[in-house]
Amino acid sequence: MKNFFTNMKKSTKNHLITYAGIIVAYAIMQILCGTGVASNLIKGLLVPICVYSIVAIGLNLCVGILGELSLGHAGFMCIGAFTGALATKLLYDYIPSKILMFLIALVIGTFFAALFGFLIGIPVLRLKGDYLAIVTLAFGQIIINIINVLYIGKDEAGLHFAFSNPNAINMNEETGVWLINGAKGITKIPSISNFTIGVILLIVSLFIVYHLVDSRTGRAIMAIRDNRIAAESVGINITKYKMLAFTISAAIAGAGGVLYSHNLSTLTATTNNFGYNMSIMILVYVVLGGMGSFRGSIIATVILYMLPELLRGLSDYRMLFYAIILIGLMLFNWSPKAIVWRQKVLSLLPFGKKGEKGKVE
Amino acid sequence: MALLEVKDLGISFGGLQAVSEFNISIKKGQLYGLIGPNGAGKTTVFNMLTGVYTPDCGSIVLDGVPITGKKTTYINQAGIARTFQNIRLFNDQTVLDNVKIGLHNQIKYNTFTSIVRLPKYFKSEKQMKEKAMELLKVFDLDKEADLLASNLPYGKQRKLEIARALATNPKLLLLDEPAAGMNPNETAELMDTIRFVRDNFDMTILLIEHDMKLVSGICEELTVLNFGKVLCQGYTKEVLEDTEVIKAYIGD
Ligand SMILES: Nc1ncnc2c1ncn2[C@@H]1O[C@H](COP(=O)(O)OP(=O)(O)O)[C@@H](O)[C@H]1O
Ligand SMILES: [Mg+2]
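These protein sequence lines are chains A and B, in that order. Those letters in the first sequence? Residues 1 to 361, per the numbering used here, in order. Those letters in the second sequence? Residues 1 to 252, per the numbering used here, in order.
Don't take each hint at face value.
Below are the BS3-like pairs computed for lysine-lysine, each with C-alpha atoms no more than 25 Å apart in a straight line [stated by the list, open to error]: (1) Lys-71/B with Lys-10/A; (2) Lys-126/B with Lys-13/A; (3) Lys-171/B with Lys-128/A; (4) Lys-229/B with Lys-27/B; (5) Lys-344/A with Lys-143/B; (6) Lys-9/A with Lys-129/B; (7) Lys-9/A with Lys-229/B; (8) Lys-71/B with Lys-108/B; (9) Lys-108/B with Lys-10/A; (10) Lys-129/B with Lys-10/A; (11) Lys-28/B with Lys-171/B; (12) Lys-137/B with Lys-9/A; (13) Lys-10/A with Lys-344/A; (14) Lys-9/A with Lys-70/B; (15) Lys-120/B with Lys-13/A; (16) Lys-143/B with Lys-131/B; (17) Lys-9/A with Lys-27/B; (18) Lys-137/B with Lys-10/A; (19) Lys-156/B with Lys-123/B; (20) Lys-13/A with Lys-143/B; (21) Lys-229/B with Lys-13/A; (22) Lys-240/A with Lys-70/B; (23) Lys-9/A with Lys-123/B; (24) Lys-137/B with Lys-123/B; (25) Lys-129/B with Lys-108/B; (26) Lys-240/A with Lys-27/B; (27) Lys-71/B with Lys-240/A; (28) Lys-240/A with Lys-137/B; (29) Lys-70/B with Lys-128/A; (30) Lys-108/B with Lys-9/A; (31) Lys-126/B with Lys-10/A; (32) Lys-10/A with Lys-123/B; (33) Lys-120/B with Lys-70/B.
Between beta-carbon pairs, the in silico distance windows are [as the list claims (entries may be wrong)]: (34) Arg-117/B with Trp-334/A: 31 to 41 Å; (35) Gln-343/A with Asp-140/B: 53 to 63 Å; (36) Lys-120/B with Asn-165/A: 25 to 35 Å.
Looking from chain B toward chain A, a few residues come up when the C-beta cut is under 7 Å (computed) [as the list claims (entries may be wrong)]: (37) Gln-17; (38) Glu-21; (39) Thr-73; (40) Phe-90.
Don't read these hints as lab results, they were simulated from the structure. Positions of the beta carbon are idealized from the N, C-alpha and C atoms, including for glycine.
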């Protein structure tokens, strides 16, 4: 067993540790929930943690691996959430299995998020400089505003659309049902996602980004990040790989969105759940977890998402503790002493890596 | 026919005419030197040859293919690879991965293959690693393969840049001051390596250098650049004896 581990490629070892960590955490949570130890508060946090971990992984691909700042990843999450939920509303009665329904919604939501990522990338990623941050920031806000004035209804004559004026929808008032009702969003979404599906989706997302990064494509993407001119000088097609990384990054955020919307019965688009605030919050997870470290993104998400909820009892001191823990995380992740200490601890483990290479974890 | 044929190349930045009426003709297999005082425009010539700058006028033909004003990526695929005066490595990647990135267009497989880990992924990665290690060995870097590029000493970083450029399988290799910052021992070793590369890789090499010992030791022909213009061109020995050249270098 020990030989098996020491002969393994360092990156592969790292991936396995992360997968194993997730599965162990999943098993523990299942036991806690099954035995009734976990409160309803905790249970309610499980799926959102998966959602934000997935979106953070997607964003890390963009920020940490590609080296482009996006301030609108919650916007891609929003696209995934709405298109996925819409698909479920339309098809739920015709699809016999819940899992199949979720898969269809997942494919549709992911596709549309990827499409929007692609469309935004075409003009913006050709430019040198930090235009992406500005454009994605605007995108996130625009998407919310559009959805809030979008009306889609369905009756026996088919689909009806209206923009900004719901009275103009022309739908049979008795038999028609709203699919998207402007600012009221999508209601009565069948609850077909759960913690297990969330964890599977998280592992699949990790699988994709890990394999992507540790390949010819991933090296090309990181070469662009490290030194654009040198990357060009060895014949790497800059635009192609930037587009590819950004589109996949948006797609993963979209997948997180699908999971998000199927965990709620009513989905609305507000600045809090899909806007600037959320994009920045996820960016905080990514930065504190470590740029380019997907495992770090997940750990930071779990800690930072649960904290405010768990600290609720402390009422007045809540934000104080939150701030202290943020600073602690920052030190743990970035201080040279902490890094040395971490390496020492890791190298003591039988499967630990000997000395960090600053590579993607 | 010459491998590289450059005619009347010129570029200006704002009011400054950095290079003008630059001509050069390099035959296949040659080891050619581009020399001249600081600020003469040597690096600018490299930047035009590799598409980093778009020339204002003139033409560049590589092996019969016009590449004037083309993009850097295209020009590398057409067959020109280079190193940089201010080393440009992929610092956050290992030495081995730097060379693997250089092999990007030599050993290919697509993104789907890597995500799903089809057999082709493992086959190509193995091939890539072997090829990269082979190149690293030429530059005596194989023991440092797993180090981060930024952790290499300066002289080795310069060598790694050459290895990475060679990995792209070029027809013409441009070296911008390869011996800068090296001690005499390292420089002598580098001269051997450059000769070895020319002979064993069938390479044509154009190099910019200040170290006269290196230039006179390995270059067959020279072009001297002064204030953006060709001052003198020809066989190394004759050029180095030219009174104009001596004046430009030593001052009158
Ligand atoms: N991008 C640029 N913008 C403005 N001036 C430049 C640029 N690149 C080079 N130059 C100028 O062109 C001249 C030649 O520079 P360079 O080619 O680097 O000289 P060297 O022969 O030392 O390599 C210098 O005066 C330099 O300042
Ligand atoms: Mg120079």
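Evaluated hints:
1. For a cut-off of 25 Å, the pair hint linking Lys-71/B to Lys-10/A is broken: about 36 Å separates their Cα positions.
2. Between Lys-126/B and Lys-13/A the CA atoms are separated by roughly 18 Å; this keeps the pair inside 25 Å, and the hint holds.
3. At roughly 29 Å between alpha-carbon atoms, Lys-171/B and Lys-128/A are farther apart than 25 Å, so this suggested pair is violated.
4. Restraint check for Lys-229/B and Lys-27/B: satisfied, since their Cα atoms lie roughly 21 Å apart, inside the 25 Å limit.
5. As the CA atoms of Lys-344/A and Lys-143/B are separated by approximately 23 Å, the hinted pair is consistent with the 25 Å bound.
6. Straight-line distance between C-alpha atoms of Lys-9/A and Lys-129/B comes to about 13 Å, which keeps the hinted pair within the 25 Å bound.
7. Annotation: proposed proximity of Lys-9/A to Lys-229/B is violated, straight-line Cα distance about 53 Å (limit 25 Å).
8. Taken as a hint, the Lys-71/B and Lys-108/B pair is honoured in the structure, with Cα atoms around 21 Å apart against an allowance of 25 Å.
9. The suggested pairing of Lys-108/B with Lys-10/A holds, with an alpha-carbon distance near 23 Å, which does not exceed 25 Å.
10. Among the hinted pairs, Lys-129/B with Lys-10/A is consistent with the structure: their alpha-carbon atoms are about 15 Å apart, no more than 25 Å.
11. Between Lys-28/B and Lys-171/B, the direct Cα distance comes to roughly 8 Å. Compliance with the 25 Å bound is thereby established for this hinted pair.
12. Proposed proximity of Lys-137/B and Lys-9/A is supported: the alpha carbons are some 21 Å apart, at most 25 Å.
13. Taking the CA atoms of Lys-10/A and Lys-344/A, the gap is about 16 Å. The hint holds against a cut of 25 Å.
14. Note on Lys-9/A and Lys-70/B: the hinted pairing is violated, with a Cα-Cα distance of about 40 Å set against a maximum of 25 Å.
15. Among the hinted pairs, Lys-120/B with Lys-13/A is consistent with the structure: their alpha-carbon atoms are about 21 Å apart, no more than 25 Å.
16. Only pairs whose Cα atoms come within 25 Å are accepted, and Lys-143/B paired with Lys-131/B is accepted, the gap being roughly 15 Å.
17. The hinted pair formed by Lys-9/A and Lys-27/B fails the criterion: a straight-line CA distance of about 45 Å is larger than 25 Å.
18. Of the pairs offered as hints, the one joining Lys-137/B and Lys-10/A holds, with about 22 Å between alpha carbons and a cut-off of 25 Å not exceeded.
19. As the CA atoms of Lys-156/B and Lys-123/B are separated by approximately 29 Å, the hinted pair breaks the 25 Å bound.
20. Of the supplied pair hints, the one linking Lys-13/A and Lys-143/B holds, its CA atoms being roughly 22 Å apart against a limit of 25 Å.
21. The straight-line distance between the Cα atoms of Lys-229/B and Lys-13/A is roughly 57 Å, outside the 25 Å bound, and the hint therefore fails.
22. The hinted pair formed by Lys-240/A and Lys-70/B meets the criterion: a straight-line CA distance of about 17 Å does not exceed 25 Å.
23. For the hint pairing Lys-9/A with Lys-123/B, the CA-to-CA distance comes to about 15 Å; that is within 25 Å, so the pair holds.
24. About 21 Å separates the Cα atoms of Lys-137/B and Lys-123/B, which keeps this hinted pair within 25 Å; it holds.
25. The hinted pair formed by Lys-129/B and Lys-108/B meets the criterion: a straight-line CA distance of about 13 Å does not exceed 25 Å.
26. This hinted pair does not check out: Lys-240/A and Lys-27/B have alpha carbons roughly 34 Å apart, beyond 25 Å.
27. Only pairs whose Cα atoms come within 25 Å are accepted, and Lys-71/B paired with Lys-240/A is accepted, the gap being roughly 14 Å.
28. The straight-line distance between the Cα atoms of Lys-240/A and Lys-137/B is roughly 32 Å, outside the 25 Å bound, and the hint therefore fails.
29. Distance hint between Lys-70/B and Lys-128/A is fulfilled; the C-alpha atoms sit about 18 Å from each other, no more than 25 Å.
30. For the hint pairing Lys-108/B with Lys-9/A, the CA-to-CA distance comes to about 21 Å; that is within 25 Å, so the pair holds.
31. Simply put, Lys-126/B and Lys-10/A have alpha-carbon atoms about 15 Å apart, close enough for the 25 Å limit, and the pair holds.
32. For the hint linking Lys-10/A to Lys-123/B, the alpha-carbon distance of about 18 Å falls within 25 Å, and the restraint holds.
33. Restraint check for Lys-120/B and Lys-70/B: not satisfied, since their Cα atoms lie roughly 33 Å apart, outside the 25 Å limit.
34. Between Arg-117/B and Trp-334/A, the C-beta spacing of about 32 Å keeps the proposed range 31 to 41 Å intact.
35. Taking 53 to 63 Å as the suggested C-beta distance range, the pair Gln-343/A and Asp-140/B does not conform, at roughly 28 Å.
36. Checked against the hint of 25 to 35 Å, the C-beta distance between Lys-120/B and Asn-165/A comes to roughly 55 Å, which is inconsistent with it.
37. Taken as an interface hint, Gln-17/B does not check out: its beta carbon lies about 24 Å from the nearest beta carbon of chain A, beyond 7 Å.
38. The beta carbon of Glu-21/B comes no nearer than 26 Å to any beta carbon in chain A, farther than 7 Å, and the hint placing it at the interface is violated.
39. For the restraint placing Thr-73/B at the interface with chain A, the shortest Cβ-Cβ distance is roughly 5 Å, inside the 7 Å limit, so the hint holds.
40. Because the smallest distance between the Cβ of Phe-90/B and any Cβ of chain A comes to about 4 Å, under 7 Å, the interface hint for this residue holds.
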